[in-house]
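Student: Each chain is listed here by its residues.
Protein chains: 2
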Amino acid sequence: MNEQEKNQYNARARVIKAMGHPSRLFMVDQLQKGPLCVCELTEMVGADTSTVSKHLSILKNAGLVYDQREGNTVYYHLRVPCVLDFLNCVDSVLEVNMDEQIRIVRSCQAKNIL
Amino acid sequence: MNEQEKNQYNARARVIKAMGHPSRLFMVDQLQKGPLCVCELTEMVGADTSTVSKHLSILKNAGLVYDQREGNTVYYHLRVPCVLDFLNCVDSVLEVNMDEQIRIVRSCQAKNIL
DNA sequence: TGGCTATTTGGCTATATTGCCAAATAGATG
DNA sequence: CATCTATTTGGCAATATAGCCAAATAGCCA
Numbered sequence: 001m002n003e004q005e006k007n008q009y010n011a012r013a014r015v016i017k018a019m020g021h022p023s024r025l026f027m028v029d030q031l032q033k034g035p036l037c038v039c040e041l042t043e044m045v046g047a048d049t050s051t052v053s054k055h056l057s058i059l060k061n062a063g064l065v066y067d068q069r070e071g072n073t074v075y076y077h078l079r080v081p082c083v084l085d086f087l088n089c090v091d092s093v094l095e096v097n098m099d100e101q102i103r104i105v106r107s108c109q110a111k112n113i114l
Numbered sequence: 115m116n117e118q119e120k121n122q123y124n125a126r127a128r129v130i131k132a133m134g135h136p137s138r139l140f141m142v143d144q145l146q147k148g149p150l151c152v153c154e155l156t157e158m159v160g161a162d163t164s165t166v167s168k169h170l171s172i173l174k175n176a177g178l179v180y181d182q183r184e185g186n187t188v189y190y191h192l193r194v195p196c197v198l199d200f201l202n203c204v205d206s207v208l209e210v211n212m213d214e215q216i217r218i219v220r221s222c223q224a225k226n227i228l
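As you go down the protein sequences, you meet chains A and B in turn. Per this note's numbering, the very first residue in the first sequence carries number 1; after that it's consecutive. Per this note's numbering, the very first residue in the second sequence carries number 115; after that it's consecutive.
These are computed hints drawn from the structure, not numbers from a lab. Just so you know, nobody snuck in bad clues.
Some chain A residues close to chain B (C-beta under 7 Å, calculated; not the full set):
| no. | residue |
| --- | --- |
| 1 | R12 |
| 2 | K17 |
| 3 | G20 |
| 4 | G63 |
| 5 | L94 |
| 6 | N97 |
Which bits of chain A does chain B cover? Going by a derived footprint, with three or more residues having C-beta under 8 Å, they are:
| no. | region |
| --- | --- |
| 7 | 22-28 |
| 8 | 42-48 |
| 9 | 76-85 |
Far from chain A by the CB rule (all over 10 Å, computed), these chain B residues:
| no. | residue |
| --- | --- |
| 10 | T165 |
| 11 | S167 |
| 12 | E184 |
Every residue, glycine too, gets a C-beta built ideally from N, C-alpha and C.
Please model the complete structure; the sequences and the hints are all you need to start from.
Tutor: See below:
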C-alpha cells in the first residue's frame with residue numbers, strides 16, 4: 001500500500017465505518033423509504049436526541065445523507081441509493097455464517113460431542 | 115427498533131464494522147483476486163505480522179473470509195463475492211462528496227470569499 | 001422581546017479499538 | 001529432539017467511539 005492507496009482506503013473505510021453502527025445502519029435503512037426528521041428518527045431509534053443528532057452528523061460527514069431545514073425541524077435524506085445493495089450483501093454474509101453454524105452443530109451432534 | 119430488529123442491526127453492523135478499517139478493507143479488496151497467505155498480506159499492508167493476523171481474525175469472525183492451512187502457512191480466502199459491489203458503492207459516495215466539495219469551492223470563488 | 005420547540009454542541013465517563021512487542025503455538029525439516 | 005519459519009495470542013498504552021446530561025443555538029409565534 002503506497003501513500004495514495006492508503007489515502008484511498010482511508011477515505012473508503014471512513015464511509016463504511018459510518019455505517020458500522022446499529023443505530024446508524026438502521027437510520028440509513030429507514031431513510032431509503034424517504035426523508036425523516038431528527039425527532040422521528042429519535043423516536044424510532046429510542047435514544048437521546050443528542051445521541052441521534054451526533055450519529056446523523058457522522059453520516060452527513062461521510063456523505064451518506066444530507067439535511068434540509070424546514071422551520072425548526074431538520075429533515076435528513078439519503079444521498080446515495082446504492083446502499084440498499086449493501087444491506088443485501090451483508091445479509092447474504094450473515095446467511096452463510098448461519099449455515100456454517102448449523103453445519104458445525106450438526107457435525108458435533110454426529111460425533112456425539114454435544 | 116424492537117429487540118429483534120436491534121439484534122439484526124447489531125449483526126449487520128458487526129459485519130460492516132469489520133470492513134470499516136483501511137487495512138482490512140484493502141485486504142478484502144486484494145482477496146477478490148484470489149487467496150493470499152498472512153505473510154503476503156503482511157508485506158502488502160506494511161504492518162506487524164501480529165497486527166495483520168488480528169485484522170484477519172476480525173474478518174474471519176465476521177464471516178467475510180475463511181482460512182486454509184497449507185504446511186505452516188495459512189491462506190485466507192474471500193467468502194462472499196458481493197463485497198465487490200460494496201466498494202463500487204462506496205466509491206460512488208466518495209465521488210458525490212468530491213463533486214460537492216468542488217461545488218462549494220466554486221461557489222466561494224464566485225462570491226470572492228476565497 | 002419572551003417563550004416555545006427542534007436540533008446541535010460541549011463535556012464527561014465508560015468502553016472499544018488499534019498496533020506494537022514479546023511469548024506461545026503449529027508444522028516442516030534436519 | 002532441536003531448530004527454523006509462519007502464525008496466533010497475551011498484554012499493554014494510546015487513541016477513538018458511544019451515550020448521556022446540560023447548555024447553546026435556530027427558527028417559530030404571540
